[in-house]
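Chains as they are written, first to last, in the numbering used here: chain A, -4 to 479; chain B, 524 to 623; chain C, -6 to 477.
Among the hints, erroneous ones may be present.
[To be verified] The calculated EDC-like cross-link candidates involving lysine to aspartate or glutamate, where the alpha carbons are at most 16 Å apart (straight line), are: (1) Lys336/A - Glu551/B; (2) Lys27/C - Glu551/B; (3) Lys463/C - Glu428/C.
[To be verified] Facing chain B, according to a computed beta carbon distance under 10 Å, are these residues of chain C, among others: (4) Leu126; (5) Pro265; (6) Pro267; (7) Glu422.
No wet-lab data here; the hints were simulated from the structure. Glycine included, C-beta positions come from ideal geometry on N, C-alpha and C.
If you want the building blocks of each chain, they are given just below.
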Amino acid sequence: MVNPLTLTAKEIAQQVSSGSLSALDVVELYLDRIRRLNPKINAFITVAEEQARRAAEEVDKAVKKGFRGRLLGVPIAVKDVISTKGIETTCASKILRGYVPPYDATVVKRLKAEGAIVIGKTNMDEFAMGSSTELSAYGPTRNPWSLDRVTGGSSGGSGAATSARMAPTSLGSDTGGSVRCPASFCGIVGLKPTYGVVSRYGLISYACSLEQIGPMTVDVEDCALLMEVISGRDGFDSTLIDYEFRWSYEGVKGLRIAVPKEFFSEGTDERVLESVWRVIKLLESNGAVYEEVSLPLSRYALAAYYIIAMSEASSNLARYDGIRYGMPYDPSLPWHEAFSKVRGEGFGLEVKRRIILGTFALSAGYYGRYYLKALKLRAMIRDQVLSLLKRFDVIATPTTPFPPFKLGEKIEDPLSLYMADIDTVVANLAGVPAISIPAGLVDGLPVGAQFMANYCREDVLLTVAKCVQDETHFDKLVPGVAKA
Amino acid sequence: MARSELTITPELLDHLSNLAKLKLTEEEKRIFIRDLNRILEYFNVIDEVDTSGVDQVFHILGLTNTMREDEVGGEPLSQEQALSNAASKEEGYIKAPRMV
Amino acid sequence: MSGLQVKIGLECHCQVTSLKTKMFCRCSSDYRGKPPNVNVCPTCLGLPGSLPYLNRRAVEEALKVALALNCKINRKMVFYRKNYFYPDLSKNFQISQYDFPLAVDGYVTINVNGREKTIRIRRVHMEEDPGRLVYKGRIDTSPYTLVDYNRMGIALIEVVTEPDMESPAEAKAFLEELRSILEHLEVSDGSLEGSMRCDVNISIAGGTRVEIKNISSFKDVEKALAYEIMRQRNLLRMGREVKRETRHWDEVRGITVALRAKEEEMDYRYFPEPDLVPVEISDDFIEKVRSSLPELPSARRARLVEQYNLTEYEARVLTADKQLADFFEKLASIHGKPKVDCSVVINELLRLLNEKNIEVRDLKFTPKEVADLLFMVDEGVVSWKSAKYILRRMVETGEHPKKIAEAEGIRRISSVEEIEKFVSKVFEEHKGDVEAAIKDDKVIHRLVGEVLKETRMLADPKITFQVVSKRIRELRAERGLASA
Ligand SMILES: [Zn+2]
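If we strip away everything but chain A, and leave its shape as in the complex, we get (with noise of 0.2 Å):
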């Protein structure tokens, strides 16, 4: 029989593939798991359990008739910001409550060409703007290491129910860190691929120049895996360069790790900064060299990040206004008050503080001194990392500052909550690929390390981790909860 605590989704294909597993019995098999862990961790805003075992008996009747896939049966549970064809697809947020999208977004539609199935959809913070998954309409998801804790966000829902495994894979979102943070958080790898490598077709906007979707997986071959599947040019993103992933492991002799000392200052908590330097240390003693530098420009990363992001969701949620889709209007009042009040019950707060926020930085008056100003420091933080990047294969920092803090605890102060994102940004803002992975516990709590490539080098990334793998089997450490 089958272990799901060390089944990847690799072995799963192979499995399927040779007819010694049937697709249906392996979503059975997690359709089980989630019916007994979701109620205690909220991974799932929703099980999409008859669609999922139609999709398994199709591919089961296609495999008889020869059909092979490099994701043949495997289960992937999909971030709720992610268009899917047929399943409700909400956000996270009141608004969109009831959509049921018409299309599948071209990632969903090239996991199912592979013969993967999408069997649940996860939990996030609304619009994906969030840093611990508890800003959901939907309730906040808990951390499979630690039922009180955040799982981080926005994609906490994926990385718990990954980490958890009800699912052996999923896909994240990560617009300033919303894949690596909550990869670090539960203790599995998020990559971020380069800007403009995977189709945002689908993916539902929160702010488009920053974000892309990335995989949320246990085991580090997996992640590559899936970003072989869903990256690569598609006639409905035209912000897609020419972009071919390949990779072969060859070891850590010779990588040149940048070490940029403000991201390893006070401000960080020390186990984290502890934990994060082993594995650097443990790279070194596989041949990889570091130097100490400087990224100075990271200290304003933060601040231009929120403000692009904030004033492109501004623009991308003003859709919302409950005539074509989501929450209805009061048709008792004329258009201008009954989007007004449709918008204001739809969105949460959090929804609501950016849209205003990124409203006033477009306003007349106030872009060139914030809006125009981010775009102009964007483009001097990008400048600065491609020159590290010249010297170095990888820049290697925390991936947040803190581990994994307890729900409630930082929800009061927006900008505590911002502040998980401060090693995050700065590769969203660069364009460049970043991947987080498991750096140990602190305290029986997930932590993790993050490092940064050049453009299309998530090659390298994925060597970098999958040497830690190795020598760490972070892939074998499995939350109790997920155990029982």
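Based on the hints, put chains B and C with the ligand in the right spot on chain A.
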């Protein structure tokens, strides 16, 4: 913070919520006046950087000129699909609130 | 009062009707006459997660227009979002241009009553058309609004002039010239309903700038301007102030109405559309497009004068409508009497088109049939007068002129014997007039008229006059009278 030092005054907040078509409760307005000014104060750190002479970025990797051919295709929706999520419809039209 | 100087500027929105698809999605651009909401996809319906993808041909078509309007082309063109809420906008923002538009600083020469004048073009840019709103009765009393997104996303070219026009007639002349240019470029067919719309701004010395929106055809612009000038002059005459405001053109009532104050404070919060990338336009490409430009109206006018010996006025009337000019040239090439052919087209055909309110394209016959008709006149088969009647019947029925002539017994009666029979009959029935004519030459004309009437105007008037005169002379001779 004294009222005169606020960037986002109650009047500006009303203007912004009107632009953004967001009806705010009195409680939300109170919270926002407090939070938004604090957040803006934090944002003002960018004033320290001289960005003169820097070009604004468009696509961060500098991508330009992605265009498609003028051929019908894509993912057309049937009228039923197009209306499937609308709360209110009439004879194939989507029903919206009155204009005045 | 009437001497007060008027300044008029125009913003013309012209649909690119030459495209097969919309501007940012691959839906058909052929939306007219379809049931509502059948010509849509996730992108133009503004579904969450959808993305725009620019139509290359739309850029080429807009570039043609910019070059034809003598503009400077920007080497880098960027799309911006214009943020405002309205139920006809599926995303509640419109993809348009702001900084980095396609082109700036052009000009067009117009001619009003023989006087030439240059109208400066401020900018030419591209944007998407909103959907269509349908009301139950009037906009201000309709209990709800119906929305059809079939038109949403159709490519528009916006042409913005400097306030260089000083009368409604100049504005009309500019719009006619613009329409003709677009038709000669084969970019936009101005005869399609709603394909050319206009916003105007107008100020009278001593007043303020007033904008009039929503003028849904070029034809209404002159009316709206005339109304507005009268309204503003009346206000000034009464010593009242002209408010700086935006007014709507109510085409049913033929008046402009003020919008409520709240909607006036527009702040569009333009920012670069992150879902599209800049378009770089190379010198080579500009030259390629420039060299492929067809003959434009001004050149064509010069050629018509030169080649066919037409007057400046005739050439202007013909080229105001490309189809009309095409019709003339085809006709002249078959029939070969340009002066006559021109007269037929601009006096007879154009009058019928205006009377029936149809376009050249609606005609159910070609220049070949008109040539056949003119050959019939040349050969004396029908009279010129009958030919005019046959042309009218051709417009009404689309039948061939020979067929119409046969069916209605229309021919030219020029045989003396035949005419003599009619003359005998008339002389029999109008004895009094005959007596009078014998005494007075002037009455002969009355008898000729009666004879022509008797032949249903088919008889040759000259021959008829000769026959009648001869008879009268004979009667006088019989009575021994000399000529009266
Ligand atoms: Zn479309």
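Evaluated hints:
1. Lys336/A - Glu551/B: Since the Cα atoms of lysine 336/A and glutamate 551/B sit roughly 14 Å apart, the hinted pair holds (cutoff 16 Å).
2. Lys27/C - Glu551/B: 45 Å, violated
3. Lys463/C - Glu428/C: 15 Å, holds
4. Leu126: 8 Å, holds
5. Pro265: Holds: closest Cβ of chain B sits about 6 Å from proline 265/C, inside 10 Å.
6. Pro267: This interface hint holds because 8 Å falls under the 10 Å limit.
7. Glu422: 65 Å, violated
Hint violations for this structure: numbers 2, 7, all remaining hints satisfied.
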